[in-house]
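Chain residues, written in single-letter form:
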Amino acid sequence: DTGVSQDPRHKITKRGQNVTFRCDPISEHNRLYWYRQTLGQGPEFLTYFQNEAQLEKSRLLSDRFSAERPKGSFSTLEIQRTEQGDSAMYLCASSLVGGRYTEAFFGQGTRLTVV
Amino acid sequence: DQQVKQNSPSLSVQEGRISILNCDYTNSMFDYFLWYKKYPAEGPTFLISISSIKDKNEDGRFTVFLNKSAKHLSLHIVPSQPGDSAVYFCAASGGGQNFVFGPGTRLSVLP
Chain A
1 DTGVSQDPRH
11 KITKRGQNVT
21 FRCDPISEHN
31 RLYWYRQTLG
41 QGPEFLTYFQ
51 NEAQLEKSRL
61 LSDRFSAERP
71 KGSFSTLEIQ
81 RTEQGDSAMY
91 LCASSLVGGR
101 YTEAFFGQGT
111 RLTVV
Chain B
1 DQQVKQNSPS
11 LSVQEGRISI
21 LNCDYTNSMF
31 DYFLWYKKYP
41 AEGPTFLISI
51 SSIKDKNEDG
61 RFTVFLNKSA
71 KHLSLHIVPS
81 QPGDSAVYFC
91 AASGGGQNFV
101 FGPGTRLSVL
111 P
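Chains as they are written, first to last, in the working numbering: chain A, 1 to 115; chain B, 1 to 111.
Bound-form chain A, shown alone (with noise of 0.2 Å):
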């Protein structure tokens, strides 16, 4: 499988614990973006890199979010002292940007809920 691949599929954690999830991009994919998706909502950007380097975050992503793609391959984010309010499906996509316009896919998601 040459897809997004996100570990682990589902995480379920007590609220204050911290957690950090996996992505791995599309092998030759140069961009990486992380979003969060609640309930009847779309997808709500987070963050993303190119390379390794991280050229924007969203005002989302507070200080208790740090995301890293060390060496522009695997990415993780990670939620410091977790909140009920953080459960949502995190969503990773990876694209390859050369020219102006291409599409991102999408990995499965990893499925957060703090109780």
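Calculated directly from the structure, the hints in this document are not laboratory data.
Careful: at least some of the hints might be erroneous.
Which chain B residues face chain A? A few, computed with CB under 7 Å, are given here [to be verified]:
{"hint": "1", "residue": "G16"}
{"hint": "2", "residue": "L34"}
{"hint": "3", "residue": "P40"}
{"hint": "4", "residue": "G43"}
{"hint": "5", "residue": "S51"}
{"hint": "6", "residue": "S52"}
{"hint": "7", "residue": "D55"}
{"hint": "8", "residue": "F101"}
Idealized CB from N, CA, C, for every residue including glycine.
Fit chain B to the given chain A structure using the hints.
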């Protein structure tokens, strides 16, 4: 402030008929538009896209129309099949930056 709007939360269509899903946007800097389909417990799947230099793009049963003056795009599915039942998201980007998604329209294709 929702920059991408899908005003119909749901749509039901008979199998074999045309499905038309609509999307409106407010940001005139958007120059690339995409449609994604999403099944439950899966990530969105890319369907079709269109750049602002075109007004129509077709791929098999799927056609996207763009009306820049009205800041409106639509996705036509002809003929509709039961397997098309899913949530459809409209997305837009400007200047090659991140994608902004609408809230989605749930399409049900009835046999």
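Hint by hint, here is what the structure shows:
1. G16: Check failed: Cβ of B:G16 comes no nearer than 29 Å to chain A, outside 7 Å.
2. L34: Holds - the Cβ of B:L34 comes within 7 Å of chain A, reaching about 6 Å at its closest.
3. P40: 11 Å, violated
4. G43: Result: holds, 4 Å to nearest chain A Cβ.
5. S51: Since the shortest Cβ distance to chain A is 5 Å, the answer is holds.
6. S52: B:S52 check fails; min Cβ-Cβ to chain A is 9 Å, beyond 7 Å.
7. D55: 15 Å, violated
8. F101: OK, holds: B:F101 within 7 Å of chain A, min 3 Å.
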